[in-house]
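Asks: Take these sequences, add in the hints, and give me the full structure.
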Amino acid sequence: MKKFAVLVSATALVAGSVFAQNNAAPAPAAAPAAAPAPVIAPDAVVISAAGISVKRAEFEEAVKGLPQQYQEYALGPGKKQFAEDFLRMKLLSAAGLQAGLDKDPEVVAQLNSLRDQIVASAQLKKMQEAVQVSDEELKKTYEARKGEFEKAKARHVLIAFKGSPAAQPGKPELTEEQAKAKAEELRAKIEKGEAKFEDVAKADSDDVGSGATGGLLGEFGRGQMVPEFEQAAFTTEVGKLSPVIRTQYGYHFLKVDERGVTPFEEAKVTLERAERTAKLQAESKKLVEDAKPTFDEAYFGK
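Using the working numbering, the first residue of the sequence shown is number 4, and each one after it goes up by one.
No wet-lab data here; the hints were simulated from the structure.
Hints may be right or wrong, so weigh each one.
[Said to hold, decoys possible] With beta-carbon atoms standing in for the labels, derived distance ranges:
1) A198 to F223: 22 to 30 Å
2) L127 to V272: 18 to 26 Å
3) T216 to R148: 25 to 33 Å
4) I50 to P296: 44 to 52 Å
5) Q251 to A97: 54 to 62 Å
6) Q120 to L100: 20 to 28 Å
7) R91 to V111: 17 to 25 Å
8) F303 to E176: 47 to 55 Å
[What the hints assert, rightly or not] Straight-line distance between alpha carbons at most 20 Å, and here's what the computed EDC-like set of lysine to aspartate or glutamate pairs gives:
9) K93 to D105
10) K205 to E176
11) K67 to E87
Cβ coordinates follow ideal geometry from the N, Cα and C atoms, glycine included.
Replies: Encoded structure:
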């Protein structure tokens, strides 16, 4: 009834407003839409001062050199501020060149080092783009490393002990012996059918996040859990309870709801990235080996 009354009131208000408009003087015409921002060509000069000209393309290239988190700001609300900073750098550089600082041995050494880094980075990128990885290679690697792509969906109950990262403020602190005994007791209740796993997790688990959803951890793969937990998750029979296990967080027991292997098509991107990296590292290593370097043992040691 209350909702209906509010709706009627709102409708009347709108109707009254429309009526009033119809009986009032004509409303002024809406303001014209703002003109679209002008298109600036890449070779257009966007900064000029004291003989220095900066084109749009150069300015935006400089923005790309910023850390990723600053780039959007430098091309948005902070564009003018970055332009002033960029111009300041240009003016300082011009003053330094006029003072002959580009001939200073220390500056020359730094420039040479920077040049080497830039060219080396460009060459590495070129090598990276040239790396070829076939589906046959990836499938072979997938089969050889299939165990790494195992995944499980499980839920658990955690009983924390004193000093554990999972210990809950305000709850009585348990010794390790007490925590283990409590975990064993809760597990036994579930095993005997005296309690449901989900209810025990909600009422007693010290993992508050998963406890709220009946202990559900969702899907995870190899290497995502602490070793003791991973071992239990990938060896316990699906649908059965694991033994009570100890980790740095406390004493747990878990139930595996599902277990499987990530399909090749899903694992392909990860495999390709790893294979490309491995090939690039091997090629870089060979580059050094083929150069047959010698290192001064008196300086570098053996």
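Asks: Does each hint hold? Answer for all of them.
Replies: The hints, checked one at a time:
no.: 1; hint: A198 to F223: 22 to 30 Å; result: 25 Å, holds
no.: 2; hint: L127 to V272: 18 to 26 Å; result: 21 Å, holds
no.: 3; hint: T216 to R148: 25 to 33 Å; result: 32 Å, holds
no.: 4; hint: I50 to P296: 44 to 52 Å; result: 45 Å, holds
no.: 5; hint: Q251 to A97: 54 to 62 Å; result: 58 Å, holds
no.: 6; hint: Q120 to L100: 20 to 28 Å; result: 21 Å, holds
no.: 7; hint: R91 to V111: 17 to 25 Å; result: 23 Å, holds
no.: 8; hint: F303 to E176: 47 to 55 Å; result: 54 Å, holds
no.: 9; hint: K93 to D105; result: 14 Å, holds
no.: 10; hint: K205 to E176; result: 19 Å, holds
no.: 11; hint: K67 to E87; result: 16 Å, holds
Checked against the numbered hints listed earlier, the structure breaks none of them; every hint is satisfied.
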